[in-house]
Amino acid sequence: SQQGEEDPQALSIQEGENATMNCSYKTSINNLQWYRQNSGRGLVHLILIRSNEREKHSGRLRVTLDTSKKSSSLLITASRAADTASYFCATVLYNQGGKLIFGQGTELSVKP
Amino acid sequence: GAGVSQSPSNKVTEKGKDVELRCDPISGHTALYWYRQSLGQGLEFLIYFQGNSAPDKSGLPSDRFSAERTGGSVSTLTIQRTQQEDSAVYLCASSSKIGPGQGFGSPLHFGNGTRLTVT
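Chains as they are written, first to last, in this note's numbering: chain A, 1 to 112; chain B, 113 to 231.
Extracted from the complex, chain A is given alone in its bound form (with noise of 0.2 Å):
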């Protein structure tokens, strides 16, 4: 089964909203990433938070990591019709070298 699962599946917000995506896992992680894809292409890097941080931002995304929980959230402040992507969490795994473990993804639309 998927190490990473995200939730909502699916998210539809207005301009100007935020936009809160969950990530939740099983095993222990040396980090976790966030990633963007836009239809019919690859995905990019949005922000990485190691095991030992709770926070990070990045411009207008926060994402905060709770290992007690083995969650993390993606906040998107302030959000734009260019948003409207699909996001996904990748966990590195402990002890299993870089290999990233994708989750099913939380489909976001920014409606103008």
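By construction, these hints were calculated from the structure, which means they are not laboratory data. Backbone N, C-alpha and C fix where the C-beta goes; we use that ideal spot for every residue, glycine too.
A partial selection of chain A residues facing chain B, derived with a Cβ cut-off under 8 Å:
hint	residue
1	L100
2	I101
3	G103
Calculated pairs, SDA-like style, for lysine to any residue (alpha carbon to alpha carbon, straight line, at most 25 Å):
hint	chain 1	residue 1	chain 2	residue 2
4	A	K111	A	G40
5	B	K123	A	R41
6	A	K56	B	P219
7	A	K70	B	P219
8	A	K56	B	H221
On the provided structure of chain A, position chain B as indicated by the hints.
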């Protein structure tokens, strides 16, 4: 420099034929990954390379799938005797670092994928 390049971008093949998918990673990237993505789904890990060796082949779905990497650069994913369930987008990614003490699990740079359709 240039990003990760995959070819072909689209491939339609008949059931039972063999196909080869190519990935040119970013120059100097030592780690190379292959994933498969079915329509509307997440990414399924297939295999990754550290240099020319593949420490983890656990994701290859069957013995019809194989991959190689030569010269620490270009990689080829081969699917023999294709089946309809092999239809998917095959994504390649590369990374500059891998392994403990080397930026463990560094971000991946993805190509745009090869869309494989088996008829």
